[in-house]
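Visitor: Sequence order for the protein chains is Z and B.
Taking full-length UniProt numbering, the leading residue of the first sequence gets 1, the next gets one more, and so forth.
Taking full-length UniProt numbering, the leading residue of the second sequence gets 1, the next gets one more, and so forth.
I should point out that these hints are in silico values taken from the structure, not numbers from a laboratory.
Among the hints, erroneous ones may be present.
So these bits of chain Z aren't anywhere near chain B, every CB distance computed over 10 Å [stated by the list, open to error]:
#1 Lys38
#2 Leu58
#3 Pro64
#4 Gln65
#5 Glu70
#6 Glu87
#7 Leu108
#8 Arg111
#9 Glu122
#10 Asp123
The calculated lysine to aspartate or glutamate pairs, modelled on DMTMM-like cross-linking and capped at a C-alpha distance of 25 Å, are [said to hold, decoys possible]:
#11 Lys7(B) with Asp25(Z)
#12 Lys116(Z) with Glu101(Z)
#13 Lys115(Z) with Glu101(Z)
#14 Lys74(Z) with Asp129(B)
#15 Lys115(Z) with Glu126(Z)
#16 Lys118(B) with Asp129(B)
#17 Lys27(Z) with Glu90(B)
#18 Lys5(Z) with Glu70(Z)
#19 Lys5(Z) with Asp128(B)
#20 Lys5(Z) with Asp82(B)
#21 Lys42(B) with Glu57(B)
#22 Lys122(B) with Asp89(B)
#23 Lys122(B) with Asp65(B)
#24 Lys41(Z) with Asp89(B)
#25 Lys25(B) with Glu114(B)
#26 Lys27(Z) with Asp129(B)
#27 Lys41(Z) with Glu90(B)
#28 Lys38(Z) with Glu90(B)
#29 Lys78(B) with Glu4(Z)
#30 Lys41(Z) with Asp129(B)
#31 Lys5(Z) with Asp129(B)
#32 Lys35(Z) with Asp82(B)
#33 Lys27(Z) with Glu72(Z)
#34 Lys27(Z) with Asp89(B)
#35 Lys53(Z) with Glu4(Z)
#36 Lys78(B) with Asp25(Z)
#37 Lys38(Z) with Asp89(B)
#38 Lys53(Z) with Glu98(Z)
#39 Lys43(Z) with Asp89(B)
#40 Lys5(Z) with Asp89(B)
Here a beta-carbon is modelled for each residue, glycine too, at the ideal position from N, C-alpha and C.
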Amino acid sequence: MRLEKCWFCSSTIYPGHGMMYVRNDAKIFRFCRSKCHKNFKMKRNPRKVKWTKIYRKLHGKELPQDTTFELERKRNRPERYDRNVVEDTVKAMKKISETREEREAQTLANRMRGKKTQQRREDLAELQQGIHLVKAPTALLEEPSLTLPKEKMKVKVSVEQESKAMES
Amino acid sequence: FVQMRTKLNVADNSGAKIVGCIQAKARKIGGSIGDVIVASVKEAASGKKRIKKFEKESTKVKKGDVVRAVIVRARMQKGRRDGSHIRFDENAVVIINKEGEPVGTRVYGPVAAELRAKKFVKILSLADDV
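I would like the entire structure built from these sequences, with the hints used as guidance.
Guide: This is the structure we're talking about:
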């Protein structure tokens, strides 16, 4: 029994799932579900289809090349059964998957770095542009307490004031 | 399912090119990978072309012959014991005689492993890929 990888989305195909398609040049394509199979029949390139692992790795959304993937590489030579080897392999699998998860979390953190400040900047801009939706501009002039938050300075306090005003 | 009138390619060098199914021997509904069918040869090689330098196209089977054939590749998927399904790009047969031995000497293209269960070992051994 061998766990294969779906040709389209790269997910594991467990026994009892999926379809195998053999082309006339004897190239075998395995699919995990009909979604991937149908996409293949539509002649879609998995490198361009956003939800596939191939796309994500290509566009830096996920850990692309790492030594933790080496253990899973396909080997065609059968190994003689050795209990110690099996034990070590099981231990290694655990450790390697842990390190891979850590590294993937790290890549995610790297990717999302600076998102908070960018989000805040975007929110500020939205506030400044759309404050007329909350309170009429004339009202803004009348009530001096309602001040639009200035960029970079005292952002937290002003935003809090603004949210209070919105609630009332 | 491969039924009466289904046209199938011939995946060996018996001389026939296209074969039309007359009867699927295995089931009433039709044949699938690994089943034997009775077919009539629709198109056959003329015998004048040369495949290689000292090998001419064989004419063991002529147009209009009624032959037995085993389906080696089918477009319709076939389920396997482990739950997976397999399908090919075309419908193809290998022409056999009454004993189940292939008439041709070569088999072209990949061939389904289902043949082993049906005891078509010779075809499997001649095939490029299983």
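Visitor: Run every hint past the structure and note whether it holds.
Guide: Checked hints:
1. Against chain B, the non-interface label of Lys38(Z) holds: every CB pair exceeds 10 Å, the least being about 13 Å.
2. Residue-level check passed: Leu58(Z) sits 28 Å from the nearest beta carbon of chain B, beyond 10 Å.
3. Every CB of chain B is more than 10 Å from the CB of Pro64(Z) (nearest about 29 Å), matching its label as outside the interface.
4. For Gln65(Z), the requirement that its beta carbon stay farther than 10 Å from each beta carbon of chain B is met, with the minimum near 30 Å.
5. Listed as outside the interface, Glu70(Z) is consistent with that label: its C-beta sits roughly 27 Å from the nearest C-beta of chain B, beyond the 10 Å cut-off.
6. The claim that Glu87(Z) lies off the interface holds: its Cβ sits roughly 27 Å from the closest Cβ of chain B, which is beyond the 10 Å cut-off.
7. With a cut of 10 Å on Cβ distances, Leu108(Z) stays outside the contact zone with chain B, its closest approach being about 34 Å.
8. Non-interface status of Arg111(Z) relative to chain B is upheld: no Cβ of that chain comes within 10 Å, the nearest being about 36 Å off.
9. With a closest Cβ-Cβ approach of about 48 Å to chain B, Glu122(Z) is found to remain outside the 10 Å limit, as its non-interface label requires.
10. Every C-beta of chain B lies more than 10 Å from that of Asp123(Z), the closest at about 51 Å, which supports listing it as non-interface.
11. Among the hinted pairs, Lys7(B) with Asp25(Z) is consistent with the structure: their alpha-carbon atoms are about 21 Å apart, no more than 25 Å.
12. Annotation: proposed proximity of Lys116(Z) to Glu101(Z) holds, straight-line Cα distance about 23 Å (limit 25 Å).
13. A hinted pair counts as satisfied when its Cα atoms are at most 25 Å apart, and Lys115(Z) with Glu101(Z) qualifies at roughly 21 Å.
14. Distance check on the hinted pair: Lys74(Z) and Asp129(B) sit about 20 Å apart at the alpha-carbon level, within 25 Å; holds.
15. As the CA atoms of Lys115(Z) and Glu126(Z) are separated by approximately 16 Å, the hinted pair is consistent with the 25 Å bound.
16. With a C-alpha separation of about 17 Å, the suggested pairing of Lys118(B) with Asp129(B) holds against the 25 Å cut-off.
17. Taking the CA atoms of Lys27(Z) and Glu90(B), the gap is near 14 Å; set against the 25 Å cutoff, the hint holds.
18. Between the alpha carbons of Lys5(Z) and Glu70(Z) the distance comes to roughly 15 Å, so the proposed pair stays at or under 25 Å and holds.
19. Taking the CA atoms of Lys5(Z) and Asp128(B), the gap is about 24 Å. The hint holds against a cut of 25 Å.
20. Distance restraint check for Lys5(Z) and Asp82(B): the Cα-Cα separation of roughly 16 Å lies within the 25 Å cut-off, and the hinted pair is therefore satisfied.
21. Distance hint between Lys42(B) and Glu57(B) is fulfilled; the C-alpha atoms sit about 17 Å from each other, no more than 25 Å.
22. Proximity of Lys122(B) to Asp89(B) is assessed by CA-CA distance (about 23 Å); at most 25 Å being required, the pair is judged to hold.
23. Among the hinted pairs, Lys122(B) with Asp65(B) is consistent with the structure: their alpha-carbon atoms are about 23 Å apart, no more than 25 Å.
24. In summary, the hint linking Lys41(Z) to Asp89(B) is supported, as the alpha carbons are separated by about 11 Å, within the 25 Å threshold.
25. Straight-line distance between C-alpha atoms of Lys25(B) and Glu114(B) comes to about 16 Å, which keeps the hinted pair within the 25 Å bound.
26. Of the supplied pair hints, the one linking Lys27(Z) and Asp129(B) holds, its CA atoms being roughly 10 Å apart against a limit of 25 Å.
27. The straight-line distance between the Cα atoms of Lys41(Z) and Glu90(B) is roughly 14 Å, inside the 25 Å bound, and the hint therefore holds.
28. This hinted pair checks out: Lys38(Z) and Glu90(B) have alpha carbons roughly 17 Å apart, not beyond 25 Å.
29. Using a Cα cut-off of 25 Å, the hinted pair Lys78(B) and Glu4(Z) holds, with the two alpha carbons roughly 18 Å apart.
30. Of the pairs offered as hints, the one joining Lys41(Z) and Asp129(B) holds, with about 23 Å between alpha carbons and a cut-off of 25 Å not exceeded.
31. Between the alpha carbons of Lys5(Z) and Asp129(B) the distance comes to roughly 21 Å, so the proposed pair stays at or under 25 Å and holds.
32. Distance restraint check for Lys35(Z) and Asp82(B): the Cα-Cα separation of roughly 21 Å lies within the 25 Å cut-off, and the hinted pair is therefore satisfied.
33. Between Lys27(Z) and Glu72(Z) the CA atoms are separated by roughly 21 Å; this keeps the pair inside 25 Å, and the hint holds.
34. Taken as a hint, the Lys27(Z) and Asp89(B) pair is honoured in the structure, with Cα atoms around 11 Å apart against an allowance of 25 Å.
35. In summary, the hint linking Lys53(Z) to Glu4(Z) is supported, as the alpha carbons are separated by about 15 Å, within the 25 Å threshold.
36. Taken as a hint, the Lys78(B) and Asp25(Z) pair is honoured in the structure, with Cα atoms around 19 Å apart against an allowance of 25 Å.
37. Taken as a hint, the Lys38(Z) and Asp89(B) pair is honoured in the structure, with Cα atoms around 14 Å apart against an allowance of 25 Å.
38. Taken as a hint, the Lys53(Z) and Glu98(Z) pair is honoured in the structure, with Cα atoms around 19 Å apart against an allowance of 25 Å.
39. Of the supplied pair hints, the one linking Lys43(Z) and Asp89(B) holds, its CA atoms being roughly 14 Å apart against a limit of 25 Å.
40. Between the alpha carbons of Lys5(Z) and Asp89(B) the distance comes to roughly 21 Å, so the proposed pair stays at or under 25 Å and holds.
When held up to the earlier numbered hints, the structure conflicts with none and fits them all.
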